[in-house]
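Chain order of the listed sequences is A and B. The numbering used here numbers the first residue of the first sequence as -9 and each following residue consecutively. The numbering used here numbers the first residue of the second sequence as 5 and each following residue consecutively.
Note that these hints are calculated values from the structure, not bench results. Honestly, I wouldn't trust all of these hints.
Claimed, not checked - Calculated lysine-lysine pairs in the DSSO-like style (CA-CA distance at most 27 Å, straight line):
1) Lys519/A <-> Lys142/B
2) Lys7/B <-> Lys(-7)/A
3) Lys246/A <-> Lys105/B
4) Lys328/A <-> Lys105/B
5) Lys142/B <-> Lys105/B
6) Lys177/B <-> Lys519/A
7) Lys142/B <-> Lys321/A
What the hints assert, rightly or not - For each label pair, taking beta carbons as the anchor points, the in silico distance ranges come out as:
8) Ala33/A <-> Ser24/B: 34 to 40 Å
9) Val82/A <-> Ser24/B: 53 to 59 Å
10) Leu33/B <-> Ile330/A: 31 to 37 Å
11) Lys105/B <-> Thr298/A: 54 to 60 Å
12) Glu62/B <-> Gly306/A: 44 to 50 Å
13) Asn34/B <-> Val338/A: 39 to 45 Å
14) Leu33/B <-> Thr521/A: 31 to 37 Å
15) Val309/A <-> Glu62/B: 24 to 30 Å
16) Glu(-8)/A <-> Ser140/B: 46 to 52 Å
17) Glu62/B <-> Pro332/A: 42 to 48 Å
18) Ala92/B <-> Glu245/A: 17 to 23 Å
Glycine is no exception: its CB is placed at the ideal position from the N, C-alpha and C atoms.
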Amino acid sequence: MEKMLLLGAEAIAQGAIDSGLSGIYAYPGTPSTEITTYVQESADAREKGIRSNWSTNEKTAYEAALGMSLVGKRTMVCMKHVGLNVAADAFVNSAVTGVHGGLIVVVADDPSMHSSQNEQDSRFFGKFALIPVIEPSNQQELYDSVRFGFELSEKFSLPVMLRVTTRLSHSRSGIIRKNSIAQNELSLPKDPFQFMLLPALARKKYHNLIEVQSLLEKESDDSALNPLEINNEGGLGVIAFGIGYNYLMENISAEKSNYNILKVSQYPLPRKKVEKLFKSSSRVLILEEGYPIYEELLRGYLSVDGATPIDGRLNGVVVREGELDPDNVGKALGRNSKNINPLHEIIVNRPPQLCQGCSHRDLYDELNEALAGVANKHVFTDIGCYTLGALPPYNAANSCVDMGASITMAKGAADAGFSPAVAVIGDSTFTHSGITGLLDAVNDKSNVTIIISDNSTTAMTGGQDSAGTGKLFDICLGVGVEKEHIRTFEPLGKYNSENVAILKEEIAYEGVSVIIAARECIQTQLRRKKTEKKDEPLVRNCNH
Amino acid sequence: MKKDIILAGVGGQGILSIASVIDSAALSLNYNVKQAEVHGMSQRGGAVQSHLRISSNEIFSDLIGLKQADLIISVEPMESLRYLPFLAEDGWVITSKDCFKNVPNYPDEAELFAQIDTLPKKVVVDAEALAREAGSAKASNIVMLGAAAPFLGISVEAFKAAIEAIFATKGQKIVDMNIRAFEAGLACSAGK
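Next comes chain A alone, as it looks inside the complex:
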């Protein structure tokens, strides 16, 4: 079969389409977005009737996926690492209920924070929820792991986490596909109360979850995803997790025979294989793409005399922060560090910036003008392209913590007496996690000014549909914001003075005001016009 050149994210999507997927649920987030986009654009998926629209946030996505699983269908829910924080309630409890149709939760972590606010390691969450985790090391494994993951999920009636990191998700490679299999039939679970977590029932289910752990461990020990090679009895051992294996092999593939190697791509940890590796090695190097979770576990808390020495992130042999790469792994293996000339001073930084013509630019110009002369200026902003307003030349935003936090942090500051408490939030972020915070502000009559910078898309991740498009005014009204304090304007240079006046009025108003600064993202506008142009002759030919 011919190879398909796919991003890791796309390999996951294609793997799911070919493995009986009935529905995919997600909120966009780098580096996970392309999984769902691929399904949305796949003719194959459309033909198979696979459900794929965007969800409002990761929690709604997760719960919908769980519902689809409850009625017997295979489903996938995708998010970036911090998205799992949002979905955590549903996620952890779904390990207790278990699943019916196979459920894979794909979590894309972003070590080195290429496009994120932290580098948390989702394997920790997987361990916390007591479910199997699969962490492939290359794109073909990703494709194959989806089929395997659904089977594992249905075998143990548990959700399975598929963990990837940026480098794997956003790297292309040739994939060989398997034959496509049919979707599951609709069916309810045998136990009508499988998903009923009343305490008395939850205790039983939790007990079952604990009981199954030894079986999961055996499964990992038997798994082909966790190959162990004892090549040099008494020599150096390496446990390479997920993509760490690639960097190991990049360095040692020619002299593999000197090393004992355990590759781990399925969790819980394969205990027997780990024991065998430790018994056969005089020293063990641990390569984890992410937190030193298993290194910490293997080291134990109290040092034991005579224990096999362990090297890793915790003793500085491997870098403590950031992603692995061929060089820092080479260094951990004792390779000579390369002599690198520093970059010539002529090369200056080129940080990301808002596009020319972007509506956020005009909004920040107007906001800066409205706030000119304010002594204690602090603007609360949120997650999206507009976070870049913190950078020069705007210097217009001060804080950004998590989805929706602009509104609630401004509220907290206002509650403490801080004024003006101004929040800037995007339309997609507002519907993701801002509405509940707005309700808090309304109920408390907090003195906040909330600007929804509405570009009618989820722009930062590439222009996905935004759940509140066309509904923002009504949402704010419904939440209880006074009608005369929901203002709308178009952030454009030619309306500058009117817009600044509106901002000033609402900042002066002591209570909750919402300003909807609405103008379409120029990137989505460009794409829309291109498609419209392309579609024109087609429409004419059809005589519509």
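With chain A held as given, fit chain B onto it using these hints.
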């Protein structure tokens, strides 16, 4: 056969269009390919790079190590220098001379090109002008691909076939224009 290539530019300049032609040509010759890209925040007008690896053997790492790259292909001159730590001692730098100035402290052009001139192995390409001659400034990435082609270990025929396949849906005119752009770039590296 093994080539490690760094593609460099500014978010929005479309370095991935160069990558897709190389990928397609490499796959047609049954080589293994890995290509790491940048998505998300840094796409917005920031410095972007892609690590592209082609080999007849299995490729492990998606990333290229320091001092490992055979080639840096940059569609922007300052960006061609940013990834020099990745370039092997005998590696080539193929760069466009079209400056993209979206930062206030962009270096003086004369100083910048003087610095590029000190590189032992380089090809500096008047990409946009050549692309315009070929039919459209939009084809400047294909001009850059042409200039890089002799260093990639893939035949000119395979590249042309890949260009034809990729642009086929846009019509023969666009295919021909891109082939002209590719040839114009190729001529820049003649005799190197």
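Structure versus earlier hints - violations, ascending order: 3, 4, 7, 8, 9, 12, 16 and 17
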